[in-house]
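Undergrad: As a plain string of letters, each chain reads:
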Amino acid sequence: MDKPLISRHLMDSDGSLAEAPIEVPKVGILGSGDFARSLATRLVDSGFSVVVGSRNPKRTAGLFPPAARVTFQKEAVGSPEVIFVAMFREHYSTLCGLSDQLAGKILVDVSNPTEQEHLRNRESNAEYLASLFPTCAVVKAFNVISAWTLQAGPRDGNRQVPICSDQPEAKRAVLEMVRAMGFAPVDMGSLASARELEAMPLRLLPGWKVPAFLALGLFVFFYIYNFVRDVLQPYVQQGKNRFYKLPVSVVNMTLPCVAYVLLSLVYLPGVLAAALQLHRGTKYRRFPDWLDHWLQHRKQIGLLSFFCAALHALYSFCLPLRRSHRYDLVNLAVEQVLANKSHLWKEEEVWRMEIYLSLGVLALGTLSLLAVTSLPSIANSLNWREFSFVQSTLGFVGLVLSTLHTLTYGWTRAFEESRYKFYLPPTFTLTLLVPCVVILAKGLFLLPCFSRRLTKIRKGWEKDGAINFTRPVDHALAQKTSHV
Amino acid sequence: MDKPLISRHLMDSDGSLAEAPIEVPKVGILGSGDFARSLATRLVDSGFSVVVGSRNPKRTAGLFPPAARVTFQKEAVGSPEVIFVAMFREHYSTLCGLSDQLAGKILVDVSNPTEQEHLRNRESNAEYLASLFPTCAVVKAFNVISAWTLQAGPRDGNRQVPICSDQPEAKRAVLEMVRAMGFAPVDMGSLASARELEAMPLRLLPGWKVPAFLALGLFVFFYIYNFVRDVLQPYVQQGKNRFYKLPVSVVNMTLPCVAYVLLSLVYLPGVLAAALQLHRGTKYRRFPDWLDHWLQHRKQIGLLSFFCAALHALYSFCLPLRRSHRYDLVNLAVEQVLANKSHLWKEEEVWRMEIYLSLGVLALGTLSLLAVTSLPSIANSLNWREFSFVQSTLGFVGLVLSTLHTLTYGWTRAFEESRYKFYLPPTFTLTLLVPCVVILAKGLFLLPCFSRRLTKIRKGWEKDGAINFTRPVDHALAQKTSHV
Amino acid sequence: MDKPLISRHLMDSDGSLAEAPIEVPKVGILGSGDFARSLATRLVDSGFSVVVGSRNPKRTAGLFPPAARVTFQKEAVGSPEVIFVAMFREHYSTLCGLSDQLAGKILVDVSNPTEQEHLRNRESNAEYLASLFPTCAVVKAFNVISAWTLQAGPRDGNRQVPICSDQPEAKRAVLEMVRAMGFAPVDMGSLASARELEAMPLRLLPGWKVPAFLALGLFVFFYIYNFVRDVLQPYVQQGKNRFYKLPVSVVNMTLPCVAYVLLSLVYLPGVLAAALQLHRGTKYRRFPDWLDHWLQHRKQIGLLSFFCAALHALYSFCLPLRRSHRYDLVNLAVEQVLANKSHLWKEEEVWRMEIYLSLGVLALGTLSLLAVTSLPSIANSLNWREFSFVQSTLGFVGLVLSTLHTLTYGWTRAFEESRYKFYLPPTFTLTLLVPCVVILAKGLFLLPCFSRRLTKIRKGWEKDGAINFTRPVDHALAQKTSHV
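Chains as they are written, first to last, in UniProt numbering: chain C, 1 to 484; chain G, 1 to 484; chain D, 1 to 484.
Hints are computed from structural coordinates only; laboratory data are not their basis. The reader is advised that the hints may include incorrect statements.
A pair counts as met if it fits within one copy or between any two copies, since identical chains are not told apart.
Unchecked claim - Calculated lysine-lysine pairs in the DSS-like style (CA-CA distance at most 27 Å, straight line):
id, residue 1, residue 2
1, LYS341, LYS459
2, LYS240, LYS283
3, LYS459, LYS74
4, LYS341, LYS240
5, LYS346, LYS240
6, LYS58, LYS463
7, LYS299, LYS459
8, LYS26, LYS442
9, LYS442, LYS459
Keep in mind that this is a model prediction, so the values were computed, not measured.
Please build the complete structure, drawing on both the sequences and the hints.
TA: In structure tokens:
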């Protein structure tokens, strides 16, 4: 904005508005499939002059927007400097006849291999195209965008389009086109990245695989454990048929275990990382890979934890809707009458249940705030301090509330022999292990001896390192002894 | 980035930092209303030098930010090359006296007509302005942004500002200004699009109208149907007063029907489209308009389905809170005692309820994942394969779970004569029609004979078309015979 | 896009593709901390040539990406024109030895003071740096981005990076770099804004503080009020122990009060503003500060209201899960049997509860729509008319539904003497005050005499002002008498 907004007056000397002397930029497209057509539509809508090269222009013309000129391939590639190659890899070689016309132009490879093709060919489609046309500047772009998104246009203007090329100027030209078409271009470097770009649309939620299998594994383990304790044991030892508990009751005992353990697994890697830094006396050594991966999957683990907790709430609210609940209540009332007892009330049981329900609701409320701030559009509007306040502080509050919820649910059951069915301890005692370790460790790290050392380390201080030229005596000094 | 970041050193020959020789770009504003003021604030904040032209500068100066110079119209339009016209259409003609000063400049029309004005005038405000000032380059922009958003600034930088103009250079200049002000400009082509741009702020959720009326229509139909069966029939034939069921119970029977039918209507158009493609043997013929519209409204229909399902869950959880539920329970207990029955238990009823509650929770959980991935910020972060995995695969799982939920709810009731009140079949049997058709069709399309043909068609193959030059024998070949 | 996409052919005269003659832009980094390293990674990934200046290059080289050259400070600052200063403020002065090499270059200050430092130093870090290097162009940027975000890259391309500088060209250069790195630059004006920029990462949800304390205050007040009425009074006057109600029952009576009052406080300031405008006869006078602030915090208040309402729903659904609920039911059944009453049914109680539960669910459903449209990514996709339809119209419907929910909950209790425990009126009567005022005022403003005047005022008309040159007689004319 530090130059005149228009380089010269738009007026001619005769005072009338001059015809804009600059022509609309021309773009060529080779191919007539869905993607070619969507590309043509989008380019026309973005103010480009589009010419499509087809082997059968008469037949395909009707499929393209009227503003796009459809002609033979040879004619189409003549005047535009940027040409989109919207064809299958197998057909690239059919373009070799055009290599004279294409020489010196920018070829944009928009293709995506199928999964099999991607595994078969070690060379990316874009690199293959570049090898066929050594006199062209090949740019890989738009492959992550579906034909549908192209045609509809970028509704909210932040669809990213990664781009790579070995020719900076060609890359820059395509980058500007991407921006003009309403997408957000992202420079991914040289054409060697093309294979990575072509793998992008083949990805299927890679960050969720391990967390999902973890959650599934925990679910299966706890479901079987609860089944043995609450259904199998009464059947084997007392002959009671409680198999009706399988669809709701056992699931509802399992879900909170999964949610609770997953939540503690969100905070465990942070504790391990801090312990490792304390032990090593430096932050400049890389964490082991497994810890690195774990730290990067905390968000997904946390969201799965919230999902299980929310399902647990839904299942719990379903409990009084069950027919078995109704029968149990009626039978209890009948028993009371037959036993001539006029008033039923166990103060301890009442208190236990009221407290643990209340804690459960509060824990779920806290976790829901965490889940909401994980939404990209909200996370983007928070600064680092706010994000870490919500994710660390609120998250830890959620963990503590969940622990209290579990403890009040358990009450004194861990100490009653009758609860050890088949010698198996009550399920809730199992789930308490990891969370309690995390909470204790977090508490430990708050002690001055540890917290001061951790702060120093995180400011860049090292135990025996070169930077440790003066031993800082307090927090303020610690900051001065190291760079940012 | 392929040129030096600054074109020359910022140092003067005498070694001191040179005064930046480039002036801050000047922008003029004509008008003194809310929008003019917000515009001035935003422009000043974005580093522009703003001069405001007012008919009464003394009076209006106090309303503008101090950095903006407020003067008479004639003076204001002198030096800036870009001038915002923030006035009502009725006042455009009052500017004709300035046409000499305005000649050759860029006029930005930011106005919005009211709904009546938009219907009355066939010519857009921007085109009217252009006709009054043929020597100016008129650009339509900013009309979709409210004065409030302008003043507050674009909090998350992806507020789109559509722009159109017949002069490419003027458009480009305004486009750069929009970007400098922190908004995302979208080129909408020539000034002929101005009418479309002016219609944008008048839109009221156009994509939601048909789906909302559809949901409302289904609700009314099923509410009346349920009312007749569950309230009217007992009253007419048995004299029982069950009108208390109207606010909760009948609504809660109606909502799942609406949610379930809507969900199946999300997947029906896809099935119809596939059937049409199979029948026609090509994908290159347009679908009928009604099918096209239907396909485009699937997201809204799906979200309404989820909303109804969520309300159904809330209503269901309210059931045991009702006073009528309490009375029914107590009365049942009293009956049991009076009949001297000591134990009440119907194993089949227990199982039916446990299973259908569990399936209901799982269906709702699945639908909630679909709803979350419909959020723009999440949909943007998924690639096409991930999005279609969630929306197609998970959505279909949700449909199957809902069907099982409905079937276990119904159990054997469809085959009991007593359930056919007024000869009307149980409501759940009605709702099963469309979903079962969808599920059966989806199953059919998985058969090799259909799935192979569909894959070929979607790859571009045609039954009797010109492209069908070789008959592919397998999947891999099918890809080779057609362009992308 | 109005110029050739590439300025010349990429071909040499001999027909082979020319080596791109333009060098990759060079960028320097001073510092070797976390931020310096993340910056280097991001710059390398964005196609820049990075040279890092360190006091101990051998030691730190291993910490940087291989593509970045790590050398001594003196060497590093030689050739790049843009140099990032990624050091603590305390170390700025150590760079003074390099001032000859740095002269005329762009220094980018990326530092963030701690809270104490920010309060201690009146001068921002960037201004301090500028005072040390008067021959350099200092730009403040990137301080709001965490090292982690820098390294991971902007996942969704709309992370804003505010920038400020006194040199427009330097600012422009850094602005382009920010864009090239995939972030959304925001021009914040001159270097005097640096202090404001440095305060940004120190903010902790400033917009939420007042609303959160308001909600907390209301919660405490209503909790105590309910405690006195429902727990203390029965204990003192009838000796009944109802302390078990504290964790769930009293909380669940308190939450709807808070939610309801907060919701009415969302709509009260709008009513006050309208009344003030009517009274003043103009919209051109600023509202008092407290009203301005209140108007700006409506979104947060509304979201807290929704959060309380959602918690209220969860607590309500927990009610039948309580042990006390089970005991009460059984005891009621036993009582009935002992009193030889065979049928329990109070038609009025049944109706009251069914209606108020249904209204409650509908109110929550409406509020949830409001909450969803408050998400930035959804709010961005709505035009002003749609946003105000949802927030004003739907919000008001939610307020009316909540009022009806409260009124049917209360039923005739406000008129029963026995309900005035300790002479305190039932809680629900207290909460009705503000909402009813809002609803009445909204109704009043719909009367033609007020609504016409309000419309005129909002179109720019003034009671005794200069603009009031013709007295408009109807709506259509009102628009013509004033500017936008």
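Undergrad: Does each hint fit the structure? Answer for all of them.
TA: Hint by hint, here is what the structure shows:
1. LYS341 / LYS459: neither (69 Å within a copy, 75 Å between copies)
2. LYS240 / LYS283: neither (58 Å within a copy, 61 Å between copies)
3. LYS459 / LYS74: between (63 Å within a copy, 25 Å between copies)
4. LYS341 / LYS240: both (26 Å within a copy, 20 Å between copies)
5. LYS346 / LYS240: Classified as both; 26 Å inside a copy, 15 Å across copies.
6. LYS58 / LYS463: For LYS58 and LYS463, only the inter-copy Cα distance (19 Å) is at most 27 Å; the intra-copy one is 76 Å.
7. LYS299 / LYS459: This pair counts as within: shortest intra-copy Cα distance 25 Å, inter-copy 38 Å.
8. LYS26 / LYS442: So LYS26 and LYS442 fail the 27 Å test inside a copy (62 Å) and across (44 Å) alike.
9. LYS442 / LYS459: Within one copy only: 19 Å inside, 56 Å across.
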